[in-house]
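Please dock the two separately framed chains into a single complex, following the hints provided.
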Amino acid sequence: MNGFDEEQIGRLLRLLPPAPTGWVRAAQELPAARAALDELVARAEQDAAFRLQLRADLERAVAAAGYEPSPFIVSRLRRLLEAV
Amino acid sequence: MAVEQTDAQLVSRCRAGDPDAWNEFVERFSRYVYAICGRGFRLSQQDAEDVFQEVFARAFERLSELRSDDAVRPWLAQLTRRLCIDRLRLLARDTPSDAEPDEREVDDVLAQLDDAMAVRAALDKVGDPCREILDRFFCRDESYRTIGDMLEIPAGTIASRISRCLDKVRSELDGRSRASRPS
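Protein chains in written order, with numbering that gives the first Met the number 0: chain A, 0 to 83; chain B, 0 to 182.
Same shape as in the complex, but just chain B (with noise of 0.2 angstroms):
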């Protein structure tokens, strides 16, 4: 199993000036922003691109600002938000028809995509192949031709090394919310 770092570690070494600590900072994060942009708000490729930019850019700029290293991904969340309604307030000037989306909403795909990092950091630790495996056909949406080229395995083994590489997420999970719960 790959070892896990968690996300206060990772702060704390891009604090620390770790020259390598801050490309693992947008690999964790970057599927995270980009899917608030896109499933929180809809916004088109070339305003959710500014965003990104934007998200990143003032995270490496704020990251000494943060009061808990913990607590990095609500303020990513936040930050996040809070640029994309900017934009979208600044498209409605010249489109009104550009509404913000229900606050409500917003909050229910938050907390959707909080769920969706716990099973990713549960893949995470699994590591590979089943990552690349389960990320390639859920993630990227490739066949089990393409994943099977990709991986020179035979194709005809794919659905049964998806439910395999499934149950070891699911297990991970089980035994992270076993080890969370007070005893």
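The shape of chain A in the complex, shown without the other chains (with noise of 0.2 angstroms):
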């Protein structure tokens, strides 16, 4: 990897458009996400209506629990949802 001129190095530069801000952001809050989704399957373990809360609308009792339903939330929830 050598050997560019000026011409290539723009040319290169202009592969790598920035991602859309909010799609970095939401990725650089997973961990918080993940924390998130640990609360809400240790509850769903213990309370049965809470279970039955998820399965019925599982946006509505992620955000009537009081957290965001993100998507990475919400898909790997009705994972976990289905393999039970």
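To be clear, the hints were calculated from the coordinates, so they are not data collected in a lab.
Note that beta-carbon positions come from the ideal geometry of N, C-alpha and C, so glycine has one too.
Don't take each hint at face value.
As the list claims (entries may be wrong) - Each computed EDC-like pair below joins lysine to aspartate or glutamate, with the alpha-carbon atoms no more than 16 angstroms apart:
id	chain 1	residue 1	chain 2	residue 2
1	B	LYS167	A	GLU5
2	B	LYS167	B	ASP140
3	B	LYS124	B	ASP173
4	B	LYS167	A	ASP46
5	B	LYS167	A	GLU6
Claimed, not checked - Cβ-Cβ distance ranges computed for the label pairs, FRET-style:
id	chain 1	residue 1	chain 2	residue 2	range
6	B	PRO128	A	ASP37	41 to 49 angstroms
7	A	ALA82	B	ASP69	28 to 36 angstroms
8	B	MET149	A	GLY2	31 to 39 angstroms
As the list claims (entries may be wrong) - Covered by chain B, per the in silico footprint, the following chain A stretches (three or more residues, Cβ under 8 angstroms):
id	region
9	4-16
10	19-32
Structure below.
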């Protein structure tokens, strides 16, 4: 990897525009989402009524429990509920 | 010049639970993953967003499974590639015209993106204000006037600054290739 002239450097830089800010922020919030997911899973394991709420309307139940129903949380919870 | 941290050092900090490391990890690789989805597989913004989030979710969950911290970029490329193909196959079930791109074309795009990441790393090493000027001009497609307004420098000097900054990046790249060449 050497010998690029200025024109090639410019062309290569153009290949990497920034990802949309919201996407980056959502990805950066994954550690917090992971912690929230762990709490929701623990509650679902202990609380049958909460499990029923999750099965009836997952996003609403997550929001009602005080968590942001992010795509990460919703997809992982849905997968877990299907597996049970 | 900015202090450069290797991919392996960054991954190591992520594994150790450094709260800032994950943010930096996403920041460093977000353009790469985004470009693979868009340039490599031509996904729509909606599909690219889903794949982008899934790539980082899986990376976050499976970073500990990475055999070599140095190999994080090819690992992410492979993960993104697989998820893009899954997405295209899902789309093709509904709309048969959504054909998968030719594998060699994707390989070519990935090779170009790897070169682009090397240039990007050199730009990070050069640091600001060059990083900001070149990023705004080449990556964000901003005009001389916008760049001048945002950075409070005369628009008439932007072209010469871009030229000098490109020269610095080229020197940085040349230095790297000399340093990595066996003596």
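Pairwise beta carbon distance, A:ALA82 to B:ASP69, judged against the given window 28 to 36 angstroms: holds, 34 angstroms
Range hint 41 to 49 angstroms (beta carbons of B:PRO128 and A:ASP37) holds or violated: holds, 43 angstroms
Restraint check for B:LYS167 with A:GLU5, where alpha carbons must lie at most 16 angstroms apart: holds, 10 angstroms
Restraint status (C-alpha distance of B:LYS124 to B:ASP173 at most 16 angstroms): holds, 13 angstroms
Verdict for B:MET149, A:GLY2 (Cβ pair) under range 31 to 39 angstroms: This hint holds: roughly 32 angstroms between Cβ atoms.
Annotated coverage of the region 4-16 of chain A by chain B, confirmed only when three residues or more have a Cβ within 8 angstroms: With 10 residues in contact (Cβ-Cβ under 8 angstroms with chain B), the coverage given for the region 4-16 of chain A holds.
Satisfaction of hint between A:GLU6 and B:LYS167, Cα-Cα up to 16 angstroms: With a Cα-Cα distance of about 13 angstroms, the restraint between B:LYS167 and A:GLU6 holds, given a limit of 16 angstroms.
8 angstroms C-beta criterion, at least three residues: is the region 19-32 of chain A covered by chain B: Answer holds; 8 residues pass the 8 angstroms Cβ test.
Restraint status (C-alpha distance of B:LYS167 to A:ASP46 at most 16 angstroms): Roughly 61 angstroms between the alpha carbons, so the hint for B:LYS167 and A:ASP46 is violated.
Straight-line alpha-carbon gap B:LYS167 to B:ASP140, limit 16 angstroms: violated, 20 angstroms
Violated hints for the displayed structure, listed by number in ascending order: 2 and 4.
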